[in-house]
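**Student:** Protein sequences appear in the order of chains A and B. Residue numbering for the first sequence is 1 to 319, as defined by our numbering. Residue numbering for the second sequence is 1001 to 1272, as defined by our numbering.
There's no promise every hint is true.
Claimed, not checked - To give an idea of the interface, some chain B residues facing chain A are shown, with a C-beta separation under 7 Å as derived from the structure:
no. : residue
1   : Ala1030
2   : Leu1071
3   : Ala1159
4   : Val1165
5   : Ser1167
6   : Leu1168
7   : Met1171
8   : Ala1172
9   : Lys1173
10  : Gly1199
11  : Asp1209
12  : Phe1221
13  : Ser1256
What the hints assert, rightly or not - Which chain B residues stay away from chain A? Per the calculated CB distances, all over 12 Å, these:
no. : residue
14  : Leu1029
15  : Pro1041
16  : Ala1078
17  : Cys1192
18  : Arg1225
19  : Ile1267
Unchecked claim - What follows is a set of in silico ranges between Cβ atoms, one per label pair, in the way DEER data are often shown:
no. : chain 1 : residue 1 : chain 2 : residue 2 : range
20  : A       : Trp236    : B       : Ile1091   : 14 to 20 Å
21  : A       : Trp236    : B       : Gly1044   : 43 to 49 Å
22  : B       : Ala1030   : A       : Asp51     : 55 to 61 Å
None of these hints come from the bench; they were simulated from the model. Quick reminder that beta carbons are idealized off the backbone N, C-alpha and C, glycines included.
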Amino acid sequence: MADLPFEQPIAELSARVRDLRALAEGDPKYAAELRRLEDKVARLSRELYQDLTPWQRVQLSRHPRRPFFSDYLPLMFDDFLELHGDRTFGDDAAIIAGFARYPKGPRGRSVLVIGQEKGRGTKEAVKRNWGMANPEGYRKARRLMELAGRFKKPVITFIDTKGAYPGLGAEERGQSEAIGQCLLAMSRLPVPVIACIVGEGGSGGALALGVANRVLALEHTWYSVISPEACASILWKDGSLGERAAAVLKPTAQMALELGAVDQVVDEPPGGAHHDVEGAARRLDSALREALASLEGLSEEELIEDRYRRFRRLGAIHA
Amino acid sequence: MRPETDASEKRSVVKGVFRKCDGCGETLLADALARNSEVCPTCGQHHRLSGDGWRRLLLDDGLLTEWDSHLEPGDPLAFSDGRAYRDRVGIAQRNTGAKEAIEIGRAKIEEIDVAYGAFLFAFMGGSMGSVVGEKICRLFERAVTDSLPAVLLQASGGARMQEGVLSLMQMAKTVAALGRLRDAGLPFISVCLHPTTGGVAASFALLGDVNMAEPKALVGFAGPRVIESTIRQKLPEGFQRAEFLLQHGMIDRVVSRLEMRREIALILRHLR
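Sequences and hints are given; from them, build the entire structure.
**Tutor:** In structure tokens, the structure reads:
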């Protein structure tokens, strides 16, 4: 079963391959046909996923079976201990944070890992507010990042949010200030900071965990100033024109790479991360190790300066 | 055709002499309103004031030694929504006489030297793209180099959509530069005008050492329409207005425009 319309042809072919494989068992006369079909599936998916439109990538980033931060966490980290609360108002389940050992295995060292979590299934999604944090979430993130800074632990963030929550309480409790403070705190951390965009990178709510020395993005993700739907509702007063807006907004990880907002796009397994969660985690893990290794040996001042320079040069300006 | 032309000319003459207050609806002499910095003498309603008006109101002799006024935006996405971004920028430049949505420079407020910046809302809603972000960075960086306090007036719908992810990056870039101002022990006075929302609110605007806002200015993260459609209910009267922010502890003072110069100077003297 395909979840997205453009995945349909591949899903149908894959189903035929499965049927044929069952039939072909012990019957050599089907073997050639099976090989032909398997090749076709591989070729089709290669072509399809190489040439996705911006809208299709946005759809993949929101795929109902797409892995979340909580799926990567046990595959990439050991000894995770979650820590809660912003010490002011509450604990926001849209952001999960705690210390863990990275990488897995005997060479792991303590790091702070923070990520946005959308929650699978209605009950879990409600609890986590579909990954849209309130000010408490950003204040928790800031508190723990500053803690990591004091204890010299690297910070690794996972970004996956449509955006910060645009609610009544969020405004009353200072959503703007909470995000601004998060940006400021991150820009001054005296430790290596790596951000991984694993799903949606929606606007300021995503950037609040994104002021890093290196920003990695999985292949089928988006990162931009506004979601295609919100962009459409501003441009044409119609939020259903997301596809058209995506074509002009070009919010893909690939475009963010071209413009320098992302440092590396990490390939996903064929068909996307939801086809092989462990494979996706393995690829992200190896990119993350490399990114951390590239910062080794930098002093605290150099780490802050490296981050400052990274963002300072971003922009399109005619002087 | 002729009578119509006459009528429209007549209307525009009348409109030039009189203006209706947005607050109390009173018909006012346009000159009197302009002389009062666009503040209604009857009800105190604050109407939008131009960049020039702000300079004359706040700065000694109305003088700003501008920095980097030549910077113009690129078009990283070749953005077009039916009309090309380049054209929109061109139109905004012709209509405002400015190259971008902010002016920065060195000035004096009651004889105190400051690094001064003011968003120009008339230029594409004061939206922050690469140039606005760059100029705010330079404002904070020059303030550090020249050892000046920074005073920044915001009036902005937020980050500029047409430059995509690069507009988003300006939020991180500007706030990082603000961090350097803090390290240098120099004050940042943030003044939120109507409106201050989105990516401008969620970066430096509420991180002032002192945050001020004009009466009734809308200051918030999400626009009221977005919130209403999220929570599916009407927002209470006064929601996200300056007085609401004061009540919720997000700003230090709601300041009438007519007191702004005095209050900025006063706090700068305290923090000196």
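**Student:** Now, for every hint given, state plainly whether the structure supports it.
**Tutor:** To see whether the hints hold, each was checked on the structure:
1. Here the hint on Ala1030/B is broken, as its CB sits about 32 Å from the closest CB of chain A, past 7 Å.
2. Hint status for Leu1071/B relative to chain A: holds, with the closest Cβ pair at about 6 Å, below 7 Å.
3. Taking 7 Å as the C-beta cut-off, the interface hint given for Ala1159/B holds, the closest approach to chain A being about 5 Å.
4. For Val1165/B, the shortest C-beta to C-beta distance to chain A is roughly 4 Å, which falls under 7 Å, so the interface hint holds.
5. For Ser1167/B, the shortest C-beta to C-beta distance to chain A is roughly 5 Å, which falls under 7 Å, so the interface hint holds.
6. Hint on Leu1168/B holds. Least Cβ distance to chain A is approximately 4 Å, under the 7 Å limit.
7. Here the hint on Met1171/B is kept, as its CB sits about 6 Å from the closest CB of chain A, short of 7 Å.
8. Taking 7 Å as the C-beta cut-off, the interface hint given for Ala1172/B holds, the closest approach to chain A being about 5 Å.
9. With its C-beta approaching chain A no nearer than about 4 Å, Lys1173/B sits inside the 7 Å limit, and its interface hint holds.
10. Satisfaction of the interface hint for Gly1199/B is found here, the shortest Cβ-Cβ separation to chain A being roughly 6 Å, below the 7 Å cut-off.
11. Annotation: Asp1209/B was flagged as interfacial toward chain A, and the flag is violated, the nearest CB pair being 12 Å apart, outside 7 Å.
12. Interface hint at Phe1221/B: satisfied, since its Cβ lies 4 Å from the closest Cβ of chain A, which is below the 7 Å cut-off.
13. At about 23 Å, the closest approach between the beta carbon of Ser1256/B and any beta carbon in chain A exceeds 7 Å, and the interface hint on this residue is violated.
14. The Cβ of Leu1029/B sits about 37 Å from the closest Cβ of chain A, beyond the 12 Å cut-off, so the non-interface label holds.
15. With a cut of 12 Å on Cβ distances, Pro1041/B stays outside the contact zone with chain A, its closest approach being about 32 Å.
16. At roughly 9 Å from the closest C-beta of chain A, the C-beta of Ala1078/B falls inside 12 Å, breaking its exclusion from the interface.
17. Against chain A, the non-interface label of Cys1192/B is violated: not every CB pair exceeds 12 Å, the least being about 10 Å.
18. Taking the minimum C-beta to C-beta distance to chain A, about 9 Å, the non-interface status of Arg1225/B is violated against the 12 Å cut.
19. For Ile1267/B, the shortest C-beta to C-beta distance to chain A comes to about 19 Å, beyond the 12 Å cut-off, and the non-interface label holds.
20. Trp236/A and Ile1091/B have their C-beta atoms about 19 Å apart, which keeps the hinted 14 to 20 Å range intact.
21. In this structure the hint that Trp236/A and Gly1044/B lie 43 to 49 Å apart at CB is violated, the actual value being about 38 Å.
22. Restraint check, Ala1030/B to Asp51/A: a C-beta distance of roughly 59 Å satisfies the suggested window 55 to 61 Å.
Violated hints, listed in ascending order, are 1, 11, 13, 16, 17, 18, 21; each of the other numbered hints is respected by the structure.
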